[in-house]
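Quick note on this note's numbering: the sequence shown kicks off at 8 and runs consecutively.
Simulated from the structure, these hints should not be mistaken for lab results.
Here the structure is a predicted model, which means the values were calculated and not measured.
Check before you lean on any hint, since a few could be wrong.
Dumping the calculated DSBU-like pairs for lysine-lysine here, alpha-carbon to alpha-carbon at most 35 Å [what the hints assert, rightly or not]:
hint : residue 1 : residue 2
1    : 247       : 329
2    : 38        : 71
3    : 105       : 119
4    : 326       : 247
5    : 313       : 105
6    : 105       : 268
7    : 172       : 268
8    : 37        : 279
9    : 122       : 37
10   : 172       : 71
11   : 122       : 321
12   : 326       : 279
13   : 247       : 119
14   : 279       : 247
15   : 122       : 71
16   : 38        : 279
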Amino acid sequence: MPVEETPAPRILITGGLGQLGSGLASLLRKKYGADNVIMSDIVNPPRHVRESGRYIYADILDFKNLQEKVVNEGIDWLIHFSALLSAVGEANVPLAIKVNIEGMHNILEVSKQYKLRVFIPSTIGAFGPTTPRNPTPDLTIQRPQTIYGVAKVHAELMGEYYHQKYGLDFRCLRFPGIISAETPPGGGTTDYSTEIFHDAVTTQRHECFLEHDTRLPMMYIDDCTRATAEVMELPEHRLKQRVYNIQAMSFTPAEIYAEVKKHVPDMEIEYKPDSRQAIADTWPQVLDDTNARLDLGWNHEYDLPKLVTTMLTKIRAQKEAKQQTAAQMEAAAI
């Protein structure tokens, strides 16, 4: 008898307009089809997002709304990216509690109710000043000192609890700083690592909000989205734990500046630490992702030189495209 093919999963991505959503949606749509991967958020999307595939309104703070989306769309996998980032959360703690904790509770509850496979990312921000920093193991003291980190530890523990008590298929990767050319920096403590490339292409001068020797773990967006897809696709028995560290590289502002300067010789940098320095000083310098490499088969593709080359190429192309568009509009107006 012929073997029946397993139908493609129906996937809902919350917080789809953030740094990670579009790239992951694009990757998953290539594998499972555009109609099976649904991006969602609470704002009107740019035209290119709406034209790239399904996009719906979904409010994670409205449990009934979530239920309706899951049922009406026949969702199998739920990938939860909605969150306020570290520095933004510190500026508005009540909103961070509402979005990052109460919203996450709704995600877990709807996933339990409809037996979904659910992914909630964690972060280097889930660690604190008493954590071993180099390297930081999967299982260690955490005790973060930001509401962003506290909410992520809460999500890790609640996900593990729902797995143990209800059998929920909960999956979580602790991401390092994520670097992307497609999404503007969003107020995170590692965002200098994206800003420096935009400055290299435009002004050749970067004002860094961290000290020159602040080492943090990092990852290029393509590695991040691939890791998310890979962990979601694994059979459940492969996961020996529910939360894994994952990283690709670790560098300081001085090290990435030196690599950028190889391509942009006139590049200059000035260090002016702000409130994010105190946050970075409590975070890991290197994540030990040995377990992810052994259990999940994780292997990164982008090191620092490849990251720098890729980012500069992409941002230069974006700048040229904007200039061409502006020139065409100016010519049309004459």
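>> Check the structure against each numbered hint from earlier and tell me which ones fail, lowest number first.
In response: 1, 4, 5, 6, 7, 8, 11, 14 and 16
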